[in-house]
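Taken in order, these protein sequences are the chains called X and L.
Position 137 (the first sequence) corresponds to 124 in this note's numbering; numbering is contiguous.
Every position in the second sequence, counted from 1, becomes a number in this note's numbering once 71 is added.
Do not rely on the hints blindly, as some may be mistaken.
[To be verified] Across the chosen pairs, the derived CB separations fall in these ranges:
hint : chain 1 : residue 1 : chain 2 : residue 2 : range
1    : X       : Ala138    : L       : Gly132    : 30 to 40 Å
2    : X       : Leu57     : L       : Asn141    : 47 to 57 Å
3    : X       : Glu147    : L       : Val110    : 45 to 55 Å
4    : X       : Thr86     : L       : Val110    : 39 to 49 Å
5    : X       : Ala138    : L       : Val110    : 28 to 38 Å
6    : X       : Ala189    : L       : Val83     : 44 to 54 Å
7    : L       : Ser97     : X       : Ile30     : 23 to 33 Å
8    : X       : Ile30     : L       : Val110    : 15 to 25 Å
9    : X       : Ile89     : L       : Gly132    : 22 to 32 Å
10   : X       : Ile30     : L       : Val115    : 51 to 61 Å
11   : X       : Ser129    : L       : Gly132    : 30 to 40 Å
12   : L       : Val83     : X       : Gly23     : 18 to 28 Å
13   : L       : Ser97     : X       : Ile25     : 21 to 31 Å
[To be verified] Result set (EDC-like, lysine to aspartate or glutamate): computed pairs, CA atoms no more than 20 Å apart in a straight line:
hint : chain 1 : residue 1 : chain 2 : residue 2
14   : X       : Lys92     : X       : Glu108
15   : L       : Lys157    : X       : Glu542
16   : L       : Lys157    : X       : Asp538
The hints are simulated quantities; they were obtained by calculation from the structure and are not laboratory data.
Remember, predicted model here, so these are calculated numbers, not experimental data.
Note that the Cβ used here is the ideal one computed from N, Cα and C, for glycine as well.
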Amino acid sequence: MNAPSPALVAPRPERLRLVGQRRQLLALMHQRLMFGMIVYAGIVALIALRILYLAAFGDHAGRKQSLTQLIPERGDIVDRNGDPLARTIDAWTIAIHPTKVIGDKLELARQLARLMPEQSEEQYFALLRSGKPFFYLRRRASPALVEAVNALGEPGLAIEREPDRLYPQTTLAAHVLGYTDIDGHGVAGMERAFDQRLSDAATRGEPLMLSIDSRAQQALEHELMTAMTKFSAIGAAGVILDVKTGEVLAMTSLPEVNPNQPGAVSPDARFNRATQGVYELGSTFKPFTVAMAMDSGLIKSFGKQYNCPNTLPAYGHVVHDTHPFGRTCTVAEIMQESSNIGTAQIADQLGTERQKVWLKKMGFTGPVPIELKERGRALTPGSRWGPFETMTVGFGQGIAVAPLQLAMGYQTLFNGGVYHAPTLLKIDRAHPLPAGKRVFSEETSYKMRALLRLVVMKGTGKKADAPGYRVGGKTGTAQKLINGRYSQTINITSFAGVFPMDEPRYVIVAMLDEPKATKDTYGFTTAGWNVAPVVSGTISRIAPMLGVQPDMGREPDMSQVLPYIHEKKD
Amino acid sequence: MSGRSFRSVFMVASCAGAALGCYLVSLRVASERAALEDVENQIVLAQRDVRVLQTEIGTRGRLSQLERWNAGAFALSAPAADQFLKGGFELARLARPEHQVDFKAPVVLASAPAPQKTQPLEQPEVDDSGVPAASAPPAALLHIASYKTETREVPARSVVKLPLTAANPTDKPATADRSASPKSVMKPGLAAAQPKAAREVAKAVTAAAKKAVDKPVATATRPVTKPVRIANIDPLAPLPGRHSATSKGKTADR
């Protein structure tokens, strides 16, 4: 009975407080524990989910970095038939880290001089002891050499593959293609003009298709090179244009340059004579003067007579002819014999203002319209353009244009009078033909066919004829301006031709810079003797490939001109 | 009872099995994808090799190199304008056999086959020589079409100018150079149309050959083909069984 009554054993107040605190503490601990568990479970769940996700959708460990598409480091350049003209391939490069060489340096230098004799043993040894970190020994090394160098077993040698620009056709169309610097950026030609397009990852997968036809290009280069060597000329240029579209089928400038080693030649060879160089091309301009006069209504028929004395005094100067008529002559005869006196009178009738307007319309007063960055600008008399200058411009002296501009002029004249800017890109669906610009009337264009055919059939350009291909054209022999004076002996000869003349399809312009006389030319240095055969040879080679059917029975309508030719005494 | 108590275990096991199955499927897909990528990789590498090899071939066979080989060894040149043909007929024309005079052929008397049987319908000549015109067989009236044009160009009327046919050539025996087939016929009118040729060949044979009339006139109109293109038979000639068509072009087919 000594059991205390509950009332007697009532806890002490502080103890009671303690129990309340404890319970509170316990609840807090439970809360924290629960929170920690949730956090922990969340982390575990996150990791598990991530693992599951990776298992389902992630890459597996053995996966390689794959190249699913072959995209070259720099886009290819191909010709109009798809033949490669420039490509980037992986080439072997041999380099050395002199500081990492562990073998005998003298022995290594000896071995390197044996394998790569472009440098001597001493030079290699000096290079190895120079303490510099890195040297290229050979870029674009042959596999056999790489194997031999690798067999040396020197860890300091670095043998790697690097993208390298290769021009499989070597010198072919070198001035059109241009070349790249050591970092693979274009510094000349189309490589420079389309550098962005060729190096951009989005566009470089598609090759850049040029309008160049490599077969025509080769024929033109070969024929020009032969003539240049034969006549000891210091340079040459040639252009072939499609009359209908203005596409450049071939364009060359000699002396040639190999874009695989652009540094190996003189700056003169790297100069593009077809677009950058401007020349006074002489009588090849005369057809334009006649066409302008016809379009202006000054010449209604090729039978129109002009007084052609032996010399023509005009505006304080005297105009000469190489073969003076000394009588009245018709327009047909003026073109046939390439008379300066006759053409000067036609140009005089035309007048300065009209001549300026025509030349501007034909694109002869501004820069050469072409994609290349290496392009010249035509030189005109400018502020001195008076009546006498009008006469000289009429027969091609006093105005300097690039050979490509001359070809462009003939393209306009024989494309029914419609001008299309020349282009180096193939005209196709991706690059449609832009709208042309009318310069001459269609009738003038048609009538001029017979006149230029006459020059080749009976005039100064006989040697340019390719039998069956109806070549028409005009020779041009211009005196070269040397130190401000026209040389009497040094010429620039050119020929601008069109074929087939009854349905013009291609324009060809060839030019020789300072050709010398040979025994075959009987001492002459005029265009009819040295550059006209280039045109003949090129046309007979390329015309069948370009789809021009030879036909001995077809000619343009010669009844326009033949009645106005006086029979020669011989 | 036991089934109910193990229910959760079954649930967990089936869930785990399903998850494992899903994982295996995904693993399988991943490995297939990797294999496919390997193949694609190989294709790209092969394409790169092809490209390198093409570039090498292109570089070794570049146009300037071909030009050099051509200059040194092949010496090929562009075809001339007259070497282009417009169609099958021009090509067939080139295969026309070249007519050759065989001087070693035996001398045969002209009177041996009866020439009157095949006398042509050239009335003026026949009248001059006095042979009755009615003797022409009906077969001679047939004109057999062929591609040959020479016979039409023969001016048969020029007979009056020719002294050789003053006498009747068929009356007298005459020697003839029978180089052609035995079917070749003697036609004074035709032979007379080619007086020059007849005279040349006559000189070559004998004096008696002045009367020879059925000379082949090959020298007058030689085909323009080159000697290397000789064919033995004329592919365009009518069949040999016909009346007057012969394998040699210069005897007439009429």
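Enumerated hints in conflict with the structure, sorted upward: 2, 3, 8, 9, 10 and 11
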